[in-house]
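First to last, the sequence lines map onto chains A and B.
The first sequence begins at 1 in my numbering and counts up one residue at a time.
The second sequence begins at 1 in my numbering and counts up one residue at a time.
Be careful, since some hints might not be right.
Straight-line distance between alpha carbons at most 25 Å, and here's what the computed SDA-like set of lysine to any residue pairs gives [unchecked claim]: (1) A:K37 to B:A111; (2) A:K129 to B:R131; (3) A:K37 to B:K294; (4) B:K223 to B:D240; (5) B:K134 to A:S151.
If you're looking for bench data, these hints aren't it; they were derived computationally from the structure.
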Amino acid sequence: MTTATAPAPATAPNRVAPGEALRQTMTLTWRNLVQIKHNPMELVDLSIQPIMFVLLFAYVFGPAMAGSVTAYMPILIPGIIVQNALFASLSIGMGLNTDVGKGVFDRFRSLPIARSAPLAGRIIADTVKQAWSMAVLLAIGIALGFRVETSWLNLVPAFLMLLAFAVLFSWASVFIGLAVDSPEKVQIFGFTTIFPVTFLSNAFIPVSDRYPHWLRVVMDNNPVSKLVDALRGLLVGHPPGDPSGSLPVGGPALTALVWGLVIAAVFVPLSLRMFRRTA
Amino acid sequence: MPYAIRAEGLEKRFGETLALDGVSLAAEPGTVLGVLGPNGAGKTTTTRILATLTAPTAGRAEVGGYDVVAEAHRVRRLVGLTGQYAGVDEMLTGFENLLLLGRLVGMPRRAARARAAELLDRFRLTEAGERAAKTYSGGMRRRLDLAASLVARPRVLFLDEPTTGLDPRSRGDLWDVVRELTGDGVTVLLTTQYLEEADQLADDLVVIDRGRVIADGPPEQLKAQVGGQVLEVAPVRAADREAVARIVGELAGAAPEVGEALVSAPVSDPAVLTAVVRRLDDAGITVGEMSLRKASLDEVFLALTGHRAEETAATDEQETEEVPA
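Sequences and hints are given; from them, build the entire structure.
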C-alpha cells in the first residue's frame with residue numbers, strides 16, 4: 001500500500017537514453033530472428049524459393065536469351081538479387097500487420113522503451129535476412145557459372161546500396177501493413193506490384209529495340225533497372241555479352257536511391273497518418 | 001491520499017464518432033477499480049488512454065501522479081497492460097515471450113530468465129514454456145498474456161476484459177492473482193462485462209455507457225441502487241400477467257417488465273419473494289415458475305439507463321473498427 005503510492009522520483013527521465021534504445025533495438029532484432037526457429041517455413045521462403053527461381057530462369061530462359069545457362073548468369077544473378085531484395089522487404093509490412101492484429105504492437109507501445117525500437121529491430125532483422133538471401137543467390141549463381149569479375153570487395157557497396165533501397169522501399173510495405181487487415185493481403189499486394197515492376201525492367205532480359213518505344217521508356221527508367229545496372233556494374237563490370245564495354249555505377253545507383261527517397265517521401269507520411277489513426 | 005489512477009473529463013473522438021464523452025474516474029493505491037459497461041461503451045478506449053496507447057482529444061489523466069500524455073514514458077515504467085486480445089508473439093515460445101519483455105524493460109539476462117521461469121510456474125505454463133505460443137489454447141494464451149503484463153512488476157495494472165471467453169477455472173485463477181496483487185499494493189483497473197466479476201473483485205465501480213459515466217461507487221451501493229437481484233414470475237394463465245405485474249411492482253418498488261411469459265423486476269430485498277408468494281396466493285393466481293436470481297449487467301443497465309445494453313452494439317462496431325485493441 002505504501003510503496004504503491006510512491007511514484008518514481010520526479011527526476012526519473014521521461015525519455016529513453018540512446019544506449020538503452022540501442023539495447024532494446026537489439027533485443028527486438030533477436031525477437032524477429034528467433035522466430036525463424038519456430039517457423040522453419042520462413043527459412044524455406046528465404047532459401048528454397050530464390051534457388052528455385054534461379055534454376056527455373058537459368059534453364060528455361062537462359063539458352064533462349066543468351067545462348068547458354070552460363071552466358072545468362074551475368075544478366076540473371078544481379079536481376080534476381082534485386083527482385084529478391086524487393087520481395088524480402090514485404091516481410092516488414094507482414095510482420096507489422098501481424099503484430100498489430102495480435103496486440104503485440106500495443107504491448108510494445110505500452111512498455112518504457114524507445115518508440116523507434118520495434119521498427120528498427122525489424123529492419124535490422126530484415127537486413128540479416130537480406131544478407132542471407134543474397135549469399136544464397138550468389139552461391140547458386142556461382143555454381144551455375146556466375147563470376148564476380150571485378151572484386152569481391154564490391155559486394156560491400158553492392159549490399160549497402162540494395163539495403164538502402166530496400167529500407168526506403170519497405171515504407172510502402174509498412175503502409176500496406178497498417179492499411180489492410182491480414183498479412184496475406186500484404187503479400188498479395190506485394191506480388192501483384194513487385195512482379196510487374198521487376199519484369200518491366202532489365203532484370204531478366206537485355207532491353208533492346210525489339211520492344212516498342214513506350215515499353216523501352218518504362219524499362220529504361222524503372223528504378224529496378226537502375227539498381228540492376230549498378231549491381232551489374234559493381235559485380236560484373238561490363239554489359240552482358242560485351243566484355244570490353246563499361247558499365248557506370250554511380251549514376252544508376254544515385255537515380256535508384258532518389259527513387260527510393262521519393263517512395264519513402266510518399267509512404268512515410270501516409271504510414272504515420274495511418275499509424276495515428278490506428279492508435 | 002494521492003490517487004494511483006485519476007482521469008478528468010476524458011474525451012476521445014474518432015472522426016465523426018465520439019467514443020468518450022467526458023469520462024472521469026479515480027482509483028486509490030492498492031485497490032481494484034472495476035469499469036463496467038457493454039461492448040462499445042468506451043471501456044477499451046479509456047484503458048488505452050490511461051495506458052498511454054492513445055491520447056485523449058480533451059480532458060486529462062494521471063497514473064502514479066504522472067500525466068499520461070506529457071509524461072507518458074514515466075507512466076509506462078509503472079504500468080502493465082493486458083488487452084482484450086492476447087498480446088503475445090505467437091511465433092515465440094511462452095518462455096521467450098516473457099524473456100523478451102524482461103530484457104526490454106532492462107533486466108539483466110539472468111534475472112529476466114529467472115523472472116520468466118517464475119511467472120510460467122505461477123500461471124501453470126511451465127510444461128508448455130518451450131512450445132511456440134501459437135500452439136496454446138485460448139486460456140493458456142490469456143494466462144501468458146497476463147504473465148507478460150506482470151514481468152516488470154507494475155504498480156498499476158490495466159486488465160481489459162481479462163476473463164472474456166475464459167473457462168471457470170482460469171477465471172478463478174485470474175481473480176486470485178488480482179487479489180494477490182492488490183495485497184502487494186498494486187492498483188488494478190479492470191474492465192468487464194460481468195457484474196459478478198466486478199462484484200467479486202472491485203472496491204469501486206464505474207459504469208460506462210455510450211462514452212459517459214452513468215454511475216459510480218462501491219459495488220454494494222450500486223447494487224442497492226439498481227436492485228441486486230431479479231425476481232421472475234411466470235403465471236400459468238397468460239391472462240394473470242397484468243395482476244402479477246401489479247403485485248410485483250407494488251412489492252418490488254420498481255416498474256416490472258412484462259414479457260411473453262415472464263414478469264420480472266429488480267429487487268434489493270430477498271424477503272420480497274415470500275411477500276410476493278403470499279399476495280399471489282391471496283389473489284388466487286397459480287404460478288408456473290418463480291425465481292430470484294442475481295441481476296445481470298443488462299438489467300443493471302436497464303435500471304440505470306432505461307435502455308438495454310445491446311442497443312449500443314452499433315457504436316461498438318465502429319469503435320472496434322478504428323481501435324484494434
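**Report entry** Hints not upheld, ascending by number
**Finding:** 3, 4, 5
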